[in-house]
Every structure is written in C-alpha cells, then in structure tokens.
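Engineer: Quick mapping for you: the protein sequence lines, in order, are chains A, B, C and D. Just so we're aligned: 885 in the working numbering is position 254 of the first sequence, and the numbers increase by one with no gaps anywhere. Just so we're aligned: 926 in the working numbering is position 295 of the second sequence, and the numbers increase by one with no gaps anywhere. Just so we're aligned: 763 in the working numbering is position 132 of the third sequence, and the numbers increase by one with no gaps anywhere. Just so we're aligned: 790 in the working numbering is position 159 of the fourth sequence, and the numbers increase by one with no gaps anywhere.
Mixed in with the good hints, there may be bad ones.
[Stated by the list, open to error] Here are a few chain A residues that sit away from chain C, every Cβ distance over 12 Å (derived from the structure):
id : residue
1  : Leu752
2  : Gly789
3  : Phe932
[Unchecked claim] Just a sample of chain D residues kept apart from chain B, beta carbon distances all over 10 Å, derived:
id : residue
4  : Ala651
5  : Arg659
6  : Glu665
7  : Leu668
8  : Ala673
9  : Val718
10 : Gly738
11 : Gly749
12 : Arg786
13 : Leu856
14 : Thr905
15 : Arg928
16 : Ala942
17 : Ala960
[Claimed, not checked] Label-pair ranges, simulated between beta-carbon atoms:
id : chain 1 : residue 1 : chain 2 : residue 2 : range
18 : B       : Arg852    : A       : Glu889    : 36 to 44 Å
19 : A       : Glu753    : D       : Cys814    : 36 to 44 Å
20 : A       : Ala648    : B       : Leu668    : 23 to 31 Å
21 : C       : Gly679    : B       : Gly789    : 54 to 62 Å
22 : B       : Ala960    : C       : Glu940    : 53 to 61 Å
Just so you know, these hints were derived from the structure itself, not from any lab. For each residue, glycine too, the CB sits at the ideal point set by N, CA and C.
The lines below spell out each chain.
There are 4 protein chains.
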Amino acid sequence: MKFFSDNTATACPEMLAAIAAANRGPARAYGDDEWTLRLDAAFSEHFGTAVRAFAVTTGTAANSLALATLSPPYGAIFAHHEAHIAVDECGAPGFFSGGAQLALLPGEHGRLDADTVGTALENHPRHLHSVQPAALSLTQATELGTVYRPAEVARLAGLAHRAGLKVHMDGARFANALTFLGCHPGDLTWRAGVDVLSFGATKNGALTAEAVVFFDPECVRDFELRRKRAGHLLSKSRYVAAQLLAYLETGVWKRNAERTNALARRIGAAAGATLLHPVEANEVFVRLGVARRQALRAAGFDFYDWGAEAAGEVRLVVSWDQPEADVQALCAALARL
Amino acid sequence: MKFFSDNTATACPEMLAAIAAANRGPARAYGDDEWTLRLDAAFSEHFGTAVRAFAVTTGTAANSLALATLSPPYGAIFAHHEAHIAVDECGAPGFFSGGAQLALLPGEHGRLDADTVGTALENHPRHLHSVQPAALSLTQATELGTVYRPAEVARLAGLAHRAGLKVHMDGARFANALTFLGCHPGDLTWRAGVDVLSFGATKNGALTAEAVVFFDPECVRDFELRRKRAGHLLSKSRYVAAQLLAYLETGVWKRNAERTNALARRIGAAAGATLLHPVEANEVFVRLGVARRQALRAAGFDFYDWGAEAAGEVRLVVSWDQPEADVQALCAALARL
Amino acid sequence: MKFFSDNTATACPEMLAAIAAANRGPARAYGDDEWTLRLDAAFSEHFGTAVRAFAVTTGTAANSLALATLSPPYGAIFAHHEAHIAVDECGAPGFFSGGAQLALLPGEHGRLDADTVGTALENHPRHLHSVQPAALSLTQATELGTVYRPAEVARLAGLAHRAGLKVHMDGARFANALTFLGCHPGDLTWRAGVDVLSFGATKNGALTAEAVVFFDPECVRDFELRRKRAGHLLSKSRYVAAQLLAYLETGVWKRNAERTNALARRIGAAAGATLLHPVEANEVFVRLGVARRQALRAAGFDFYDWGAEAAGEVRLVVSWDQPEADVQALCAALARL
Amino acid sequence: MKFFSDNTATACPEMLAAIAAANRGPARAYGDDEWTLRLDAAFSEHFGTAVRAFAVTTGTAANSLALATLSPPYGAIFAHHEAHIAVDECGAPGFFSGGAQLALLPGEHGRLDADTVGTALENHPRHLHSVQPAALSLTQATELGTVYRPAEVARLAGLAHRAGLKVHMDGARFANALTFLGCHPGDLTWRAGVDVLSFGATKNGALTAEAVVFFDPECVRDFELRRKRAGHLLSKSRYVAAQLLAYLETGVWKRNAERTNALARRIGAAAGATLLHPVEANEVFVRLGVARRQALRAAGFDFYDWGAEAAGEVRLVVSWDQPEADVQALCAALARL
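Excised from the complex, chain A in its bound form:
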C-alpha cells in the first residue's frame, strides 16, 4: 500500500475524457486553440476576478517562471526553508531568474509567520552590495501539510507589498488548502494580496497540468516570452488546457481534494501523539522512531522518510485514487504500533 506521494497516482477519468474530447480535428498550435483560449475565462470565473492563466506541465516550471517575472537576477526571494523551490527543484529559481538568491526563513509547521518575515524584510540591506528583496513565496498547502488562513496570507502579503516585494503562491496543493478552509479561491489569493499563483492540478488528479495565474497583468508578456524560451510553451497546448478546464469545470478539483483531505485526517487521528503537524491537507507527518517505522514497512506500507534518519519521522501522502482500504489498514497499523 503506497503512501509515497500524490505524484504516484494515476490521472482521474475526467482528465482522460477531456483529452479524448479535445482530440478532434486540427487546432492552431502554441496555444491559439479553443481550449487554451478559454483558460483566462475559466480561471477568471474560478477566482472571481479577471485573471490571465497559462498552462505548463510541471510545478517547477510554474514556480520558476512565475518567480523569474517577479525577481531581477539580483533579487532575493524570501521563502520557508523547507519550500519546494528551496529543496526540491535543483536550484530552478536561480536558473530561470539568472541568479536570484533564496532568502530562507524558519517557521513552525512549514508556515512562515509575520514576525519572522517582517524582521527579515526590515533587516535585509538595500544597498548595492546585497541582493535586493524582490518576492515572497508562500506554499499553500505547505510542504508539511498545513494551511495558511486567508488573514495570514493577507498579513504576509501586506508586509511584502509595503516593502516593495511581489507575492507568489506555490499552490501545488492549492485545492487541498482551499477545500480545508472552505473559502472562496479569491480569498486565498488576490483578495489577500497574491500577485501570481502556481496552480497545481497534477497532484490532485491531472495527468500533467499546472497553471500560472496572474492576478496582475503587468508581468504577462514577460512571462510568455520566458515560457517559450524555456521550452514550456506546448505546440499541442490543447491537451493540457483541456485538463485544466475539466479540472475546474467538472468540480473534480474539489471532489478529489475533499476525499484526500478526509482520508488524511483519519490517518492523523490514528497517529495520535506521534503526529508532528496538524493535518490540514492530504499529508500526514508522524514520528514513529526507527523501530516502529520498520515495523510499518514490514506490514506492507510504502512511504518516504522525512528529516534526519535517526528521528524516525515519515511522511504519508494520500492520493486521489488511494483505495479506502489502504487507509483503513494504515490507521489500524498505526493504532497497533
């Protein structure tokens, strides 16, 4: 039973159906097809405001292309030290931006707090000898499966804006965060001050589809050129666009996120005192210790270790297509341990 990652999942049927439906007749290449041309409207509808939305195929591309439009080569990008852009993208922000530097900050449960960010922005030098504060990147849901409340996003974005930075949100698991909070997508983004969002769908049921959503159109032309130049403008764009449209329009984003959030909560409850972070999305982090971790593996569960080897901490991720029986078995096993 596999709890490795939501990346190991299949694509949900709505995605394959959308691809099959788009597979009719010729369509203009490089995004001038009817599916891609509908993205702006579909995302504007979803977010309750006029946005520009662009399809890409990976979260790394979404994050780094977005950040490269916000930061000059001599910029500093503030982020949590466990952020995906810091530890899992092989330095992609530095590549796409031409050398911008990450300014990494601590924060409990994977979340940045206003004190830490405020102090960091205040103390960061602005003279010529230093990289220049350019962007704040928030991960929603965070790498530790927790979720920023709208007021927290607004407070952090406010600090960033007042200091002259733009705000990026890495929403690889945006649907999980949104579902957990039960709020409007706009409340978590543009109403709270987010300038550009990496909107993930792949981890929540798509084959391979992510969007970059601009709430501020200023950087759009720059983005489009950078995307092309980075090989992320697809010639047959319709197949990714169709996935994104189906993701939004069939409500699969919500259905899948509700399911994985609920299953993760059950695991969290079963984990009891070993739980490391509140379960607010589809990830559960527990400290088992080395022996119990080994016992869990021996019982047929697959997952990644997390943090230092000796601590015996693990990450358990629920995928949209996770059999409920897997979760039941896992809960039982955790209760036994």
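Once you've looked at the hints, dock chains B, C and D against the given chain A.
Structural biologist: What follows is chains B, C and D alone, placed relative to chain A:
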C-alpha cells in the same frame, strides 16, 4: 483545409491507448516508473546500439537541453540560419547554456554543406576574445523539408569532431527523414557521428512527447540535472514515456511518416515549377506569387506564408491525420493556378 | 615600430599625475569618494546635459553592462557584424544579459546604414517564438576606423526608437570620432538619440578607465546593481574616477585624439590606392597582398593582419604615444612598396 | 579618525612606483606583456609550487570567477553565512556560475568548523531534485577578523575533497592571516588542500589588484574564457600585474600586514571585555552598546556598525596607512568608555 503545421494535428489513437493503458495503479514519480525505465531499452533497440533516452514535452526543451550539455556558456553553436533553434525558439539555446552564441551559416534548401561548415570552422578564432566552437546542430529533416543523406551527416560530423565540436541533430521530423531514406536509424545518427539527438514524436502523431537520445553517455548526468532544473522532469513521467514506447513499438512512427511523406510528394508534383525545394519529408514550399496565393486562400486552404511577404512563398505541411481529400483538393487547386 | 593597437600604449602623464594626486588620505570606498562623486558633473558638463556617469575598467564591461540594462534575456541586439561586441568579447553580451542574441548586419566600411537597419527591424518577427528587438548598438568610431556623422546617428537612432529599441553607442574610440567631426559631444550622442554610451579612455591615454554614460536615468539603478554583481564596482574607485576627470578636464582626450587622427591620416595618404576604408580616426586598413605585407614586417613594422589570411590586409593603429618617427618611417615604407 | 575599512586607504608608494616603472614603451595588450607574463613565476615562487596566477581588479571578480570554474550552474557552494560572497557581493556567485546556490553554515567567530561542514556535506542530498555539492569556500582571514590554522584548513578541505567538492579560499586579507600565523604561504593553501585562491592586495596597499591563483591547472582555460567574457581581462594588463609583482617582490605584503595586525591587537587589548572575537588580523569587533558607541563617534572616530542596530556592536578596521596616532587615540577612548 488546413496545411498550417503538423503541430495542429490531433494525437493518433495509439497514443491515447498507450496513455489509458499506463493509467493503472500507482507508479514511482519522476521517471522511476516502469514505462520510463523501459525507454533506454526501447530506444537502444530502435537505434541498434546502447543509448540513453529521456522524455521531455517540447522540441525546444529537447534541443536546448541537449545543446546545453554540449556547449559551455562561452561556446559557439554552428547551425543553418533557418534552423528552428535560430529562429523559432526565442533564444532558448542562449538561455539554457548560459549565453552560448549561435554561429549561423547559409546552405541551399535548408541544408548545410561541408564546404561552408569546413570553412566556418577553420576560420573561427580560438583565442580568448572569441566564443569557442562547441557544437554543430543539424536539422533532420530540415526546416525546408529536405533531408541529409547519411554520407552528408557523416561528412559534416567528421568535420565537427576533427575541430573538437560535438554533433547535435534536431530530429523534430526524424521519422520523415528516416522514412524518406529508407535506411536504418543508426545510419543517420551514431554511425554517422551524431552525439545527441532530439527525437521528435509530437509532429508525427504523439500528444506531446519528445525524446533526447544520447549516443555518448558522457553528458547524461549533466543533462539530467539540467532537465530537472529547467522544470522538464515530469512527476508523472509515465504518460509521456508510454507515448514514446507506443510510438516506437507499434510502428506508428513509420506508418504516419510514410503517409505524410507520400501526400507531400503528391502536392509537390502538383506544384510543378513553383516548387522551391525538393520534397523529401512532409513539407512543401512553393512560390505562388501574391495573387495566386490569395486565390489559394480564397479557395479554402489555410497555410503559412514563408519568407518575405512580397515573394508570395508559402509552406504547406501535411499532418498525420490530414484527410486525403484535402490533399486531392489542394493538388487540383495548385494545378489550376 | 609597433602599430598593433592603441591598447599597447602607455598611460599619458596626466593620468599618473591624477592618480598620484588622488592618493592622499582616506576616502570612502565603493564610489562614495570625492572623485567618483564628481563624475556626474564632469560628464554633464562635457555633454551639455544632465547625465549619470559610472567608472569601469574595461570596454567589455562598459558595453555589456550597458546592453544588459537595455535588453531582456530574450532580447535581440542589432549591431554591425564586425562590432567589437560581436567578435572580440567572447560572447559577453550574452553572459551579462542572461542570453540575449546578437542580430548582426552588414554595412560598408564598418558602418550600418539606415536601409539595412530599417529593413532588419521591419522584418524581425515580434511573436513569441522570436527574440525581441531590444537595442541597437553603434560603434563610434567603427571597428574599421570610420565615423558616423551626427545625422547618420540620428537617423539610425530614430529608426530604433520608433521600433521600440534603445540605442547604445560603443565609444571605445569616441574621442577620435568627436575630434574628426569637430562637433559637440552632445551632437553625437543625446541630441542624436543615443540612450547610453560606453565612453572609452583607455585606448586614448588612460591606464585603465572607461565610463558608462546614461543620457536617460531610467536604467541607472539596474546598472548599478548589475555592475556590483559583475565585480565591476571598484572598492578604491577614486583611482579610476581621477583618470576620467583628468581625461575630460585637462583636455587630454582632445590632444591625444587630434594627434593620432592626424598621424593616421598621414599613413592613409601614404597608403594611396591600397587603402581599404576612409581614415577618419586613428586606424588605417590597407590591402598589401601577402608579399608586400611580409616586406613591411621585414622592414621592422609590427601590426595585425585583418580578415582572411590570403587577402594580405592589415590594420595599422596609431597610439597616443606613437613616436612621430615611426609614422614617418611607415609612410616612407608604404610609399616604397 | 577613520576606521571604516581597509578599502578607504590610499595605495602605498611601492604600488605607484611599480605603475610608473611599467609605464615605458609599448607592450602587448590583454596580458601578453612582460609584467603579466611574470605573474606565474612570481606566485609560484611565493607559494613554493608551480601555480597559475591571473590578475583581476576586484575581490568580487576574483571570488566569483574562481567559484564559477568550480561549480556547475546546479551546484551548491558551502560557505560561512557571514562570508563576503554571501552578504557583500550582490549575488555575484549566482551570476557568474549561472545560478549556483549558496549553502550557508554557521560558525563561531566567523570560522566554519569540521563538525558543521562534515554534517552539512553528509546530509546534503545528491539526488536530481537538489543542487549538487560543488565547492567549499573558506575566508582567510574571516569576515570577523579571525584566522583558520593550517590544520583547520586541511581538515575542512579534506572533508570537502572526500565528498567530491573543490576548495576555494577567499584571501582578500590573506596577507594578514599569513602574517598572524607566521607560516609559509603554501601551508595555508595547496599543502592544506586549497584548489584556488582569491589573493587580495587592494586592502593591503595596492591601488586595485587582486589575483586568482590556481594550484590545480585543470580549470585554467575555463577561467580565462570566463574572465574575458566577464570584462575582467584588462587590455593594459601591465598596470595591475606590476602592482602584484611589487606586492610580492618588495615584501610590502608582509610589512603592511604586520603593521595593521599589530595596531589591531593594540585596539583589541584596549577593548578588553567588550571584545567580540579574537583579534587575529586587522579587524576588531567590539560590543559597546548604543550609548558608548555614540560617545565614540562624538569623540571623532568613524567606523561601521555591525550586526543588529540595538546591540551596539561595531567593526574597527586598521588600514596600512593608518596614522599610529589614530590608534593611540582610539585605544585611549576605548579605555575611557
């Protein structure tokens, strides 16, 4: 009736079937799935030698990632002045390599010849004030729908190697070239001295699938890190890998290329004296003049102009799913004009 | 007798005197010293308008830092195909800009003409698949020792501005051009539409001192950060600034340029029919043929070959400290040949 | 009385004399002059082994060019979190390397220790999702005026080499460290495992002269091309080379460093309990508190604050040309406070 580009086509049924077949159960992310792990063997079988093959989603990514492994930031990449990397990728080679410069050369019918390349390599300075010759990039089939013979590739690659350069082949339409020549894939690549190949499938029936094929394993680790860093390592890699496997293993590469080559030849024959370049792949270039061009459009044919506006030149591309009736109608219309 | 380059010359006494005079007491580092702080005023006085001026130590740094402020990474920089930025700086513009591409144009006697530039700008695509026209770079005096007239600069700059490009001037030999024309420095620059100038002094008597002069302050902050980041902000900036101040304020720029221009004209006259380009600065290009070239070397003259080996063309450069006897001897030798 | 920085100092007479002596007759440009051609021999003599040495004009250029030869664009460079490359060079390592990331580590008194480095290297992931450990950069003397012992350098370099990293030393104040230790230059560098050294002279009496010294010739060609491309190859190279030769050959490096070290020790002794770090070079760090700091300024002393404003910490730097009376007065003032 659309003759814009082979990028406007649908995906062929084998591709959707392959994706559906791969959509079963969990699979390790980021290329550790069974489909991706079979790429090396499948491409080694195809090319008749041990190769390393990697999936990406665009030709720009394939070309630029390959070139970035061959050229230092201060390198010069020699290519035809109409090459896709020179005119259609928004400077991608410069981005991926950290600033390598293109050294663009002329050549009849889109092909570089040995005299031009030999002279250019000989005359290019090697001192510190100049970018350093690093790679030769050949497009097969060329941007003008012509094809290098194996002996031509071997001669050009020999010149490059003797001068210390590596050889890249942009094979966005490799299947068309191969089918036209009727030779073994190895004859056009490693036996002729090609070091790395951008192997295209998207233009010939895939949804979105390209491969980078290394005949020399030396650059593979560098490539893998650059690919990840550029956001071109897919988390759900299986869906692209499955396309590439089906493309090779069902023979769809050959079937589609044979069809489009044959249809293009018919158009070429109908074009008669207006034909600009030999028709050796699925593209036909004709000089109609402005009036006849307009007449052809008025008759219901869509296509791109080529070259300077006033010359009245056009490009006609046959897609794998082009209705035969389109081609018949086009031939008739060309004959009438 | 050496006619290699004006880079082989010594520094003139005014420069060493300026350095010695600046070598008194502590001074704030990184350009906050009294000499550097006077640069804006001194260059504003020279150019007859308010400018911002910055010291660097090489022409490559001046050119590339200036161009990087004018061109995005996906920009195209239009220049003569023999421009120093194209052939003598190891791809520096690509490095500093993050991958901008040079669009190289022909032009008689090293000069671009309005027809060529106008056509190139008109034909350059603006769509996403192409690098975007960003800057026009003019070399004054050109690499072939010729000089643009103010009206020519104005016409070219007008074309560039109307097409949305900024205008850079590589003035490594600006003093020679200015002296040849006898016009006001403003006539050749801001009044003619130049946005930023690489102002050379090293070739004309300085130890090592170049300036970047902004006629439009918009890019200045970007420039300052790029300069620091590239290691071109000197900690003991005063010693370069003092050279630039002395260069302008003692009139040494004019005295040296008048001398070298006059001596070059004498050589040009002696060259007679072998002269390849009008002599308008301190460089003379002659076609001797291989035999006479060898004879000239045998007679004790050192110089660089130019162009293809077999043509027997040479470049003869007069330095500010060139003994007049060298020139007399050279004229005599040329007359004899 | 100014204790801002050793960058605010003048150049010492030996430097101006060397420049004047080099200012005779024509010399080949771009480093083919007799002074530059002697650098390898002079530095080889100094270090007691065959080295390659290259002149540049700033410490930022020396550090970043060196690091760019050691780290691929996807590399991680390990350094102390207060290192000059981390906080004072506007992200230069990221620019020169094409996006390498700094991995910053803590360490008492500005020094890295073997435990911290060993653990960091051990824990750093090597998989494709992470930047790859490439180089360790040590600052000698450190930013806090302390000095690594040869055995410490050897231990750290050993850890780095065993983990596949190369070792860079930022020796902006190398002479101060060497003088403090009284050891042979080779003991602090190649015998201890340093691969490339940024050898500073500017802070210790030169006008503007730094060297990059390679103990391993492997990266030299790459370095030379990167230097040219970055605008750091001087056309009139002789004037910087002459400074470096005089710096080594007249013993001015030792005389100046001995003087500033001794004066700094006197200040350190006067500082007594307020001293923050051992005084092992020409810098003294003291915690005065806000009130006493203000009093010291009021008494006519200029210096930079260090660290957080409220802590009242200051840095006092002794320059080679610091009047002894300044130091006497400062010691008296510190004793009074």
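Engineer: All hints, please: hold or fail.
Structural biologist: Results for each hint:
1. Leu752: holds (18 Å)
2. Gly789: Gly789(A) is indeed farther than 12 Å from all Cβ atoms of chain C, at 25 Å.
3. Phe932: holds (46 Å)
4. Ala651: Non-interface label on Ala651(D) holds, nearest chain B Cβ at 28 Å vs cutoff 10 Å.
5. Arg659: Per Cβ check, Arg659(D) is outside 10 Å of chain B; nearest 13 Å; holds.
6. Glu665: holds (19 Å)
7. Leu668: holds (15 Å)
8. Ala673: For Ala673(D), whose nearest Cβ neighbour in chain B is about 21 Å away, the distance exceeds 10 Å, so it holds.
9. Val718: About 24 Å separates Val718(D) from the closest Cβ of chain B, which puts it past 10 Å; holds.
10. Gly738: holds (28 Å)
11. Gly749: holds (24 Å)
12. Arg786: holds (29 Å)
13. Leu856: It is violated; Leu856(D) is separated from chain B by about 5 Å at its closest Cβ, not greater than 10 Å.
14. Thr905: Given that every Cβ of chain B is farther than 10 Å from that of Thr905(D), nearest at about 47 Å, it holds.
15. Arg928: holds (46 Å)
16. Ala942: holds (39 Å)
17. Ala960: holds (50 Å)
18. Arg852(B) to Glu889(A): 36 to 44 Å: holds (42 Å)
19. Glu753(A) to Cys814(D): 36 to 44 Å: holds (43 Å)
20. Ala648(A) to Leu668(B): 23 to 31 Å: holds (28 Å)
21. Gly679(C) to Gly789(B): 54 to 62 Å: Given about 60 Å between the Cβ atoms, the range holds.
22. Ala960(B) to Glu940(C): 53 to 61 Å: Given range 53 to 61 Å: holds, Cβ gap about 57 Å.
Violated hint: 13 only; the structure is consistent with all others.
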